[in-house]
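Using the sequences and the accompanying hints, generate a full structural model.
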Amino acid sequence: MSDLVNVSYLAVGPEILLTLGAVLVLMIDVFRQPSARVHAWIVAATILAATVVTWFQWDRVTGEGPFLAFSDMVVIDEYGVIASFILLLVGALGLAVAWGMVERLGRRGAEGIVLVFMAIAGFQFMAVSANLVMMFMGLEIASISLYVLAGITRERPEADEAALKYFLLGSFASAVFIYGVALAFAGTGGVSVYDIGAFLRGSVLLKPGVLLIGMALLITGLAFKLSAAPFHVWAPDTYQGSPAGIVGFMAAGAKVGAFAGLGRIVITAFPLYEAEWAVGLAILATISIATGTLLAIAQSDIRRLLAYSGVAHAGFILTGLTAGEAGMPAVWFYLAVYTVQLIGAFAVVAAVAGPTAAGSPMSDYEGLSRRSPFLAAVLALFMLAMSGVPLTAGFVGKFGAFAVAWRADFEWLVIVALVASVAGFFFYLRVIVLMYMREPAVAEAPGTMRARLEPVGALRWVLIISTAITLAFGIYPTPLLDLLSTALPF
Amino acid sequence: MTVTVDWYLILAAVLFVIGAAGLLVRRNAIVMFMSIELMLNAVNLTFVSVGRELRDLTGQFAVFFVLVVAAAEVVVGLAIIVSIFRTRATASVDELSEMKG
Numbered sequence: 001m002s003d004l005v006n007v008s009y010l011a012v013g014p015e016i017l018l019t020l021g022a023v024l025v026l027m028i029d030v031f032r033q034p035s036a037r038v039h040a041w042i043v044a045a046t047i048l049a050a051t052v053v054t055w056f057q058w059d060r061v062t063g064e065g066p067f068l069a070f071s072d073m074v075v076i077d078e079y080g081v082i083a084s085f086i087l088l089l090v091g092a093l094g095l096a097v098a099w100g101m102v103e104r105l106g107r108r109g110a111e112g113i114v115l116v117f118m119a120i121a122g123f124q125f126m127a128v129s130a131n132l133v134m135m136f137m138g139l140e141i142a143s144i145s146l147y148v149l150a151g152i153t154r155e156r157p158e159a160d161e162a163a164l165k166y167f168l169l170g171s172f173a174s175a176v177f178i179y180g181v182a183l184a185f186a187g188t189g190g191v192s193v194y195d196i197g198a199f200l201r202g203s204v205l206l207k208p209g210v211l212l213i214g215m216a217l218l219i220t221g222l223a224f225k226l227s228a229a230p231f232h233v234w235a236p237d238t239y240q241g242s243p244a245g246i247v248g249f250m251a252a253g254a255k256v257g258a259f260a261g262l263g264r265i266v267i268t269a270f271p272l273y274e275a276e277w278a279v280g281l282a283i284l285a286t287i288s289i290a291t292g293t294l295l296a297i298a299q300s301d302i303r304r305l306l307a308y309s310g311v312a313h314a315g316f317i318l319t320g321l322t323a324g325e326a327g328m329p330a331v332w333f334y335l336a337v338y339t340v341q342l343i344g345a346f347a348v349v350a351a352v353a354g355p356t357a358a359g360s361p362m363s364d365y366e367g368l369s370r371r372s373p374f375l376a377a378v379l380a381l382f383m384l385a386m387s388g389v390p391l392t393a394g395f396v397g398k399f400g401a402f403a404v405a406w407r408a409d410f411e412w413l414v415i416v417a418l419v420a421s422v423a424g425f426f427f428y429l430r431v432i433v434l435m436y437m438r439e440p441a442v443a444e445a446p447g448t449m450r451a452r453l454e455p456v457g458a459l460r461w462v463l464i465i466s467t468a469i470t471l472a473f474g475i476y477p478t479p480l481l482d483l484l485s486t487a488l489p490f
Numbered sequence: 001m002t003v004t005v006d007w008y009l010i011l012a013a014v015l016f017v018i019g020a021a022g023l024l025v026r027r028n029a030i031v032m033f034m035s036i037e038l039m040l041n042a043v044n045l046t047f048v049s050v051g052r053e054l055r056d057l058t059g060q061f062a063v064f065f066v067l068v069v070a071a072a073e074v075v076v077g078l079a080i081i082v083s084i085f086r087t088r089a090t091a092s093v094d095e096l097s098e099m100k101g
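So the protein lines, in turn, are chains A and B.
Taking our numbering, the leading residue of the first sequence gets 1, the next gets one more, and so forth.
Taking our numbering, the leading residue of the second sequence gets 1, the next gets one more, and so forth.
For the record, the hints were derived by calculation from the structure and aren't laboratory data.
A hint or two may mislead.
[Said to hold, decoys possible] What follows is a set of in silico ranges between Cβ atoms, one per label pair, in the way DEER data are often shown:
#1 A:Leu294 to B:Glu53: 44 to 50 angstroms
#2 B:Val17 to A:Tyr436: 51 to 57 angstroms
#3 A:Pro361 to B:Val3: 58 to 64 angstroms
#4 A:Ile283 to B:Val17: 18 to 24 angstroms
#5 A:Leu48 to B:Ala71: 29 to 35 angstroms
#6 B:Arg86 to A:Gly106: 52 to 58 angstroms
#7 B:Val3 to A:Leu20: 45 to 51 angstroms
#8 A:Leu429 to B:Val25: 27 to 33 angstroms
We put the CB at the ideal spot given by N, CA and C, even for glycine.
Spelled out as C-alpha cells, the structure:
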C-alpha cells in the first residue's frame with residue numbers, strides 16, 4: 001500500500017468508457033436528435049469497449065495479481081473483474097430488453113440509455129472499491145440512476161408511485177449504510193476495507209459494540225438494495241409500477257452490485273467477526289426465504305410474483321454467503337445464472353405487456369402457449385430454472401449454495417431452504433399451468449392484447465441468449481464452476 | 001465538566017434515530033425526505049467528531065462525499081415529489097396506493 005495517488009486508467013477503464021458513452025449519447029441527442037439506430041450503435045460500441053477493457057483487467061490480474069489504484073480507493077482483483085463482467089452482461093441484455101421502451105419514449109429514451117450506463121458504472125465501482133466511502137459513492141451513483149429509471153414514464157401514476165417508494169426506502173437504506181461506514185470509522189479509525197481488517201487483526205477490541213453495530217448497519221443497508229426480507233417492501237411495488245422494459249435490469253443489476261459490495265465488506269473487512277455476521281446473514285436468509293416463498297403464492301401480478309421470488313432468491317444467495325470465503329464460487333455462479341434468468345423472465349413480461357406498461361396481471365398469461373409458443377416455452381424454462389429443476393442452471397446454483405452452507409455447519413438453514421424450494425414449485429408451476437392449460441381470454445376486437453404475440457428484434461435475441469445460458473450451464477456447468485473456484489476466493 | 005467526543009457521537013446517534021423514526025411515522029413525502037436528510041447529517045457529525053478525535057482528515061473528506069450525495073438525492077427526490085404533486089395534488093404517501101398485494 002502506498003500513499004501516492006497511483007493513477008491507473010486501466011483500473012477504472014470500464015467506468016470511464018461507460019461515462020463517455022453516456023456523455024456522447026446526451027450530446028448527440030442535444031445537437032442532432034438522431035434515430036434510434038445511431039443510439040444502438042453507440043450503445044453497442046460502448047459496452048463492447050468496456051468489455052474489452054475489463055478483459056485487459058482480467059489479463060493483468062491473472063498474470064501479475066491484483067493491484068490497487070487511486071490512493072487505494074479501487075482494487076482490481078478477480079472478484080471485482082468477474083462482477084464487472086456479469087454487470088456488463090446484465091447491462092447489455094437489460095438495454096436490449098429496454099430497447100422498445102427507448103424507441104417509444106423518443107428523446108427521453110436517450111436519457112434512459114444514459115441512466116443505464118451510469119447504473120452499470122456505479123455498480124462496477126461498488127464491486128471494485130476498496131474503500132467504504134468509495135463503495136457508498138458507487139451505490140449512490142447506481143441507486144439514483146435507478147430511481148429515475150423507475151419513474152421514466154412519469155405521466156403514468158404507477159411509475160411515479162414506484163419511483164417515490166423506491167426513492168424513499170432506497171435513500172433510507174443509503175443513509176443506514178453510510179452511518180455504518182461512520183461507525184466502522186469510529187471503531188477502527190479507517191474506512192478502507194484493508195485498513196479495517198488489518199486494525200482488527202492487530203488489536204484486541206475491549207468494547208467492540210460500536211463496530212458491531214456499524215457492521216450490522218452496513219449489512220442492513222445492502223440488504224435493502226438486494227431486497228432481502230424484512231427490507232424488501234419496496235420491491236413488489238417498484239417492479240409493478242416501473243416500465244416493463246427496464247425492470248429486469250433494475251432487479252438484476254441491484255442484486256449483483258449489492259452482493260459484490262456485501263461480499264467484499266464481510267470477507268475483507270470483518271473476517272475476524274465471521275461467527276457474528278454468518279449468523280446474522282443466516283437469519284436474514286431464513287426470513288427472506290420464508291417471506292418470499294409465502295408471499296409469492298398469493299400474488300396476482302407476475303411482476304409481484306417475480307419480486308417475491310427475488311426476495312426468496314436473495315435468501316438462497318445469502319445462504320451461500322454464510323460460508324464466507326469458501327462460499328464465494330457458489331454465490332457468484334448463482335448470481336451469474338440467476339440474473340440472466342431474471343432478465344429473461346422480465347423480457348417475456350416486456351414482450352407480453354409492451355415495453356412501457358405498468359403492471360402485468362396473471363390473466364394476460366392465460367393460454368399464452370396458443371398466442372406465442374416461443375414466449376410460453378421460454379418463460380416456462382425460466383420458471384423451472386428459478387424453482388431449481390435439474391438440467392437448468394438454477395439447479396446447479398442452488399445445489400452449490402446449499403452445499404457450501406451445509407459444510408459451514410448451517411444445516412438448519414439448508415433444511416429451511418430445501419423445504420422452501422419445494423414449496424416454491426407451487427407458484428412457479430402455477431404460471432406454467434396458466435400458460436399451457438387455460439384457453440386465452442376471448443378477444444374483444446381483432447388486434448388487441450389477445451392477438452398472436454411474437455417478440456421482435458433485440459428482445460428475441462435476449463430470450464435466445466438467456467435460454468442458451470440457462471440450459472448450457474445447467475447441463476454442463478463445469479467450465480464456469482472451475483473458473484470461479486480458481487479465481488475466487490480472493 | 002468537559003465535552004468529550006462521546007457526547008457528539010451520542011448526539012449523532014440520537015439525531016439518526018429521530019430521522020429514522022420520522023421516516024417511519026410521518027406520512028408527508030417532503031417530511032419523510034427531510035428525515036432522511038437529518039439521518040445524513042447525523043452521519044456527517046459522526047464523521048467530523050471521530051475525524052477530529054483521531055486527528056485524521058478521512059472524517060472530513062467523507063463528509064464532502066456525503067454532502068454531494070445528499071445534494072444529488074435532493075434533485076432527484078424533489079423532482080419525483082413534484083411530478084407526483086402535479087398528477088395527484090397531494091404529497092401524502094397514504095394516497096399512493098395504486099399498487100398493493
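Evaluated hints:
1. One distance hint, 44 to 50 angstroms for the beta-carbon pair Leu294 of chain A and Glu53 of chain B, holds here, with the actual separation near 47 angstroms.
2. Judged by the Cβ atoms, the range 51 to 57 angstroms given for Val17 of chain B and Tyr436 of chain A holds: they are separated by roughly 52 angstroms.
3. At roughly 60 angstroms, the beta-carbon separation of Pro361 of chain A and Val3 of chain B lies within the given 58 to 64 angstroms, and the hint holds.
4. The given range of 18 to 24 angstroms is respected by Ile283 of chain A and Val17 of chain B, whose C-beta atoms sit roughly 22 angstroms from each other.
5. Restraint check, Leu48 of chain A to Ala71 of chain B: a C-beta distance of roughly 34 angstroms satisfies the suggested window 29 to 35 angstroms.
6. A hinted range of 52 to 58 angstroms is violated for the C-beta pair Arg86 of chain B and Gly106 of chain A, which are about 20 angstroms apart.
7. Against the hinted window of 45 to 51 angstroms, the Cβ-Cβ separation of Val3 of chain B and Leu20 of chain A comes to about 49 angstroms, which satisfies the hint.
8. At about 41 angstroms, the CB distance of Leu429 of chain A to Val25 of chain B disagrees with the hint of 27 to 33 angstroms.
Comparing the model with each numbered hint stated earlier shows that hints 6 and 8 do not hold.
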